[in-house]
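Novice: Construct the complete structure from the given sequences, taking the supplied hints into account.
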Amino acid sequence: MNWVAWKMLNGDTAKYLGAVFGVAFGVLLITQQASIFVGLMSRTANPLRDVREASVWVTDRHQQNADEIEPIADGAVHRIRGVEGMDWAVRLYKGVARARRPDGIFRQVILLGVDDHSFVGAPRTILMGDLADLRRPSAVFIDKAGHESLWPGEPLQLGREIEMNERRAVVVGICETSAPFQSFPVVVATYSQATQFIARERKQLSFVVGAPVAGVAPAEACRRIKAATGFEALTYDQFVWQTINYYMANTGIPVNFGITIVLGFIVGAAIAGQTFYLFTLENLRHFGALKAMGVNNRRLIGMVLLQAAIIGAVGYSLGVGMAVAFFEVSGRVLPDLRGINIPWQVAVGTAGVVVAIITFASFMSLRRVLLLEPAVVFRG
Amino acid sequence: MPTALDTSMPDSSAPPPTVGVACRGIEKEFGSGETRTRVLHGIDVDIGCGALTLLVGPSGCGKTTLISIIAGLLDPTAGDVTLFGTPQSQLRGNRRVDFRARNVGFVFQQYNLLPSLTAAENVAVPLLVARQPRKRAIEQAAGVLEAVGLGSRLKAFPNQLSGGQQQRVAIARALVHEPRLLVCDEPTAALDSSSGQTVMELLKSVAVHPDRTVIVVTHDARVLQFGDRLLEMADGRIVLDTIPQSHS
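Sequence lines, in order, name chains A and B.
So for the first sequence, this note's numbering puts the first residue at 62; every next one is plus one.
So for the second sequence, this note's numbering puts the first residue at 14; every next one is plus one.
Just so you know, the hints here were simulated from the structure itself, not pulled from any lab data.
Computed from a predicted model, the values in this text were never measured in an experiment.
Some hints could be false.
What the hints assert, rightly or not - Lysine to any residue pairs mimicking SDA-like chemistry, simulated, CA-CA at most 25 Å apart:
{"#": "1", "chain 1": "A", "residue 1": "K76", "chain 2": "B", "residue 2": "Q145"}
{"#": "2", "chain 1": "A", "residue 1": "K68", "chain 2": "B", "residue 2": "K217"}
{"#": "3", "chain 1": "B", "residue 1": "K217", "chain 2": "B", "residue 2": "G46"}
{"#": "4", "chain 1": "A", "residue 1": "K264", "chain 2": "B", "residue 2": "K217"}
{"#": "5", "chain 1": "A", "residue 1": "K68", "chain 2": "B", "residue 2": "E152"}
{"#": "6", "chain 1": "B", "residue 1": "K148", "chain 2": "A", "residue 2": "D73"}
{"#": "7", "chain 1": "A", "residue 1": "K68", "chain 2": "B", "residue 2": "P128"}
{"#": "8", "chain 1": "A", "residue 1": "K68", "chain 2": "B", "residue 2": "G61"}
{"#": "9", "chain 1": "B", "residue 1": "K148", "chain 2": "A", "residue 2": "G72"}
Specialist: Structural data, given as structure tokens:
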């Protein structure tokens, strides 16, 4: 009878497609919005992800995330190096500066200052230039998206000049960085150079990053740093999640995306549920005839669930396919969406939502089919 | 010309037919309290095999309720129906559904063909219900469609067939699993007189079988000539049990 169920569904093209597109539209909304949400939240921790060598992050003890920074004294790096169990520790600057072109056009930029000697925290994907050139006077690297933002429509080119804090900077390299949460250009310089590009403060050091010696776990190293120095010390994972959780708790982003996701569920469930229910209603006399002919309730339930499952599976595939196509295209043409893709957890979660939608859709239909008296077939 | 309701007695010289359907004290009530309505009042009737029995009467007299009970689609409030020696009150749940699947065929007024299945596939449905493999079921269905004169329309969908052809497909579907009871509800009501005539001739020639009971509910006076026996109902009772004049 499964074959009959499939033919019944497939034969009513309008309702079949209506229900499928109801699910697909809901899936598209949910997948796309959830993926952007996850992508955005993930971006809040991207500055940390780009410093893969560091498993220990030391900050001011009141710091709550990787963006709002209370600087610590430059000498802190020496104290951290002196903590038992630490293998190495270096300075890392992260702040916001204003980059002005010679013609006056300016953009707010994220300024990274990496250790002058080790280059810990420097970008790994270099598109143009040589990282060693960072040691030249006034040298900076800029990320590709930042170059396109500061010089839109112009080819990538070294030697361009910008001014930060009334100091000249020369672009000696172009790199790729993980997309930051704020869609600002990323400018990379050595630590000593970077501190020249910002307004002078007594304390300027954003982070001390480092790693413990083999045999000492990062968490243990952090515990020792806290005890010895009073600074906040977090493992890489702890700092990533502290940052993400901060944005989750202190911005309207989860609520806004959550509302859209819930709307996607409601719209998907409403369209698919209503269309599938109408399909069942219009086929009630056929279900009644099948009941009269000896199809028992168990087989009828199987038929209705199979029809709902087909709608769910086809709608889910279409919806996820459309979402993949969206990110594939938008990642190329919209720099702000670069690097955002569909995490497998979102795909699995959306599949769960589809199961809920088709369960809802089939519940109402099943009720009608199961309560149907087979004798209804004799009532015209 | 026979009158619509001939009161002549059955031919006593014919051999007594095997009883396929035995109704004893059938009563049926719908609703409860003040809205309770008694639709059938103690129906006692035996219907034999090898004959076409017509069940006639005005709207609301209880014909549909009676055939629904006989076919096992409704439970009587009182009394019992015995089909081919099996009291229906002894069958419950899936056992009754299985019994119906094996032993009862239906022809509906509105055909009730699945619009997305071809004629052959529609006819194969009762065999699929009986879990026959699809290919074999459709082959068998094609044979029955040949028998009802639709061998050339096996792959036609219902909306490509005339009303008479659709009803012939429905008859083929009702007979494909060789049921012992065939229940037809107003099979000619939606057809013009020529198509109705064809359908009744087909029922008479193909459906009537020594081991099968055929009951046709009808309003259509034009088909009375095809009945071997006529049961007339009024107000929930059988008020006349006779043989149409053309058979006497």
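Novice: Next step is simple, just say for each hint if it's right about the structure.
Specialist: Hints and how they fare:
no., hint, verdict
1, A:K76 with B:Q145, "violated, 30 Å"
2, A:K68 with B:K217, "violated, 33 Å"
3, B:K217 with B:G46, "violated, 44 Å"
4, A:K264 with B:K217, "violated, 105 Å"
5, A:K68 with B:E152, "holds, 18 Å"
6, B:K148 with A:D73, "holds, 23 Å"
7, A:K68 with B:P128, "holds, 9 Å"
8, A:K68 with B:G61, "violated, 38 Å"
9, B:K148 with A:G72, "holds, 20 Å"
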